[in-house]
Each structure stands twice: as structure tokens, then as C-alpha cells.
Amino acid sequence: MPSHVQTPGLVSRRLYRGVRGAVVVVLTGILVAGLLGDIPQLDILEQSARNLYFHVPMWFALMAATIVSAYHSAQYLRHGDRLRDLRAREAARLGLIFGGLGIVTGMVWARFTWYEGTGVWWNFDPKQSMAAVLLLIYGGYFVLRDAIDAPRTRGRIAAVYNLFAVVTMPFLLYILPRQMPSLHPGGEGSPAFSQTDLAPAMRWVFYPSVLAFLGLCWLLYTQRVRLAWLREVLRRKALGQPPDGRGLDRRAS
Amino acid sequence: MTIHPLRPSDPPALRPGQERPDTTTAYDSTWAEQPDASAPEGLDRLMGQDGKIYVVLAVVLLIWIGVVALLYRTDRQIDELERRVDRSISEDE
Chain A
17 MPSHVQTPGL
27 VSRRLYRGVR
37 GAVVVVLTGI
47 LVAGLLGDIP
57 QLDILEQSAR
67 NLYFHVPMWF
77 ALMAATIVSA
87 YHSAQYLRHG
97 DRLRDLRARE
107 AARLGLIFGG
117 LGIVTGMVWA
127 RFTWYEGTGV
137 WWNFDPKQSM
147 AAVLLLIYGG
157 YFVLRDAIDA
167 PRTRGRIAAV
177 YNLFAVVTMP
187 FLLYILPRQM
197 PSLHPGGEGS
207 PAFSQTDLAP
217 AMRWVFYPSV
227 LAFLGLCWLL
237 YTQRVRLAWL
247 REVLRRKALG
257 QPPDGRGLDR
267 RAS
Chain B
125 MTIHPLRPSD
135 PPALRPGQER
145 PDTTTAYDST
155 WAEQPDASAP
165 EGLDRLMGQD
175 GKIYVVLAVV
185 LLIWIGVVAL
195 LYRTDRQIDE
205 LERRVDRSIS
215 EDE
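Line by line, the protein sequences are chains A and B.
Add 16 to a position in the first sequence, counting from 1, and you land on the number used in this note's numbering.
Add 124 to a position in the second sequence, counting from 1, and you land on the number used in this note's numbering.
Calculated from the structure, these hints are not laboratory results.
For each residue, glycine too, the CB sits at the ideal point set by N, CA and C.
A few of these clues could be false.
A short, non-exhaustive set of chain A residues, derived as facing chain B with CB atoms under 7 Å [what the hints assert, rightly or not]: (1) V40; (2) L47; (3) L51; (4) Q239; (5) R242; (6) L246; (7) V249.
From just these sequences and the hints, can you work out the full model?
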């Protein structure tokens, strides 16, 4: 038997190493340029404008993770491939982690800028509150999973829930908060395509930072998927089930 | 806690006959009062620039190096684990 029969194709090693190297190099550069680079001098924000490089990419990572998670949930429903279920779960987990970091970093940022001296940590900014709701929805995904013991039932029900969860994401993060007065940009039109919202000097740090944090999220996600798959292989071995074939959950009928 | 005066001209202890200072400011060791004669050199000059932001940068980079080391170590351990599981399953067949 050739080796690597049980763990093939989870990720291309060359791609993984390439992304890992790029993430390390770019994020190191982001840390240096993010702390030392030029930024516009703004009232209230002052040096904290540099938080843009670190707070906002958390939300890009969450958004990507929820989409990846929903994609694999849909694939699980189509093919019943257990690996898809694990991928959906780990992507949702990474989404929760990055979303949690986004919430906490946003709280600290607002507390010492717009809410300086007020002692207000949670200011009920629409985007903040709705992001919290989104995190609760994804928390519900894990509660639901833990409540079901049978793997196939769990996979199917969780996948359906996950598809509903991802539909709320653009509404909670983008559409609804932009209808209300908020600290966050976007009320005047999409900041993504605005040529004036972001100073040119900051673009060269901000855009690579988004890409680098997306890459970091993917690296951690890949690690978790590989571990989850190892656990799955060992579980099947212990049960005496055929070790190969990801199609264990394929519709039996 | 004792605040040691930074100025070398300051006496290390109360001389006889000197009154014990009773104001907090007597314990001040303001850096601004240091003689400017010796400009900081080498590493001190580099790290002291721009409000000592380089000190923050050094701290953040050290943390980042730790995180990257963890990332690489975990990758190696997963590689090893995958090899071991593959081997044990191939032996069973």
C-alpha cells in the first residue's frame, strides 16, 4: 500500500506552503508598516486609525469563512461526503473566532475614541449589535451539532441550518447597518468602491492586510480540517468501518 | 517603593542636617532635567525615536514570531500524525 492513502487531497502541500510563506512575509510587513507608516491626522481617531489594518480584516475573514462553510454544507447535502461536513464545521469555527476577535477589537477601539471618557464599552452601534447577533446565530450552529448524536442526522440538519445562517450574514453585516446612523462607513454608499474614503498611503497596507488575514484564516482552517479528518479516520478504524471512502454518509438508499 | 533619582548629582541619602522632603515633588526624577550632554547612542537612539513606537513594534513582532513558530510546529505535528495513521491503517489491510 502506498502511504498517504487515508489523508490524500485534503490540501495541496505546495499551495499550503506557498500561502503560509506569503502570509508570514506579508503580515510581518503589515505589522511594521501598520505601526510606522504614514496615516492622516484625524481628530478623535488619532493614531487609532491604524486599527483599520487589524480590525476590518477580521470581518473579511469571518465573511469568507461563513461562505466557505455554507458551500461545504451545500456539498454535504448533495453528496453526503463526511469530509464536507467537517470542512463546514471547521470553517464556521474559524468564522466564530475571527468574528469574536472583530467584536472585541471594535469594542476596544470605540471605547477609547468615540466613547472616550464615557466608560461605554458596548455602544449599540447597529453594526456592532448585528455582528453580535450573527455570532449568536453561528454559535447556535454548534449548539445544534452538539445536540445530535447520530453523525448523518447531525450532518444533514446542521448543513440546512448553516445554509439559513449564511443568508443572514450579508443582511446583518452590510445591508441593515447601512440603513442606520453608525460609526461604521457605508451609510453614504459602498465604501468598498469609494475612491475617497481611504487615504492612498493606507491602501497599500490595508488591502494586503485583508488578503494576509484571509490567508491566515485559511491556514488555520486547513490545520483544523486535517486534524478533524484524522479523528474521523481513527473513529472509523475503532468502529471497524471501512477506512477509505469519504462517502460514508452517502444516501444509503 | 523608592523612586531612585536619576540625576547623578543627587545625593544617595539625606545628609546630616538636611530636612526630610515632605512633598511628593521632591522625589521627582524627571527625565527632562537630565543633562543633554550624552545623546543616546546605538540601540537606545533607534528605539527611542518617534515616541518609542519601535519598542511597541519589537514587542508585537516578538509575539508574531511566537505565533508563526506555533503555526509551523502544528503543521509538522499534523504531518507526522497523518503519516502514523496512514501507516497503521496500511498495516491492518
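Problem set entry | Those earlier numbered hints the structure runs against, lowest number first | Checked against the structure, no hint fails, so every one of them is satisfied.
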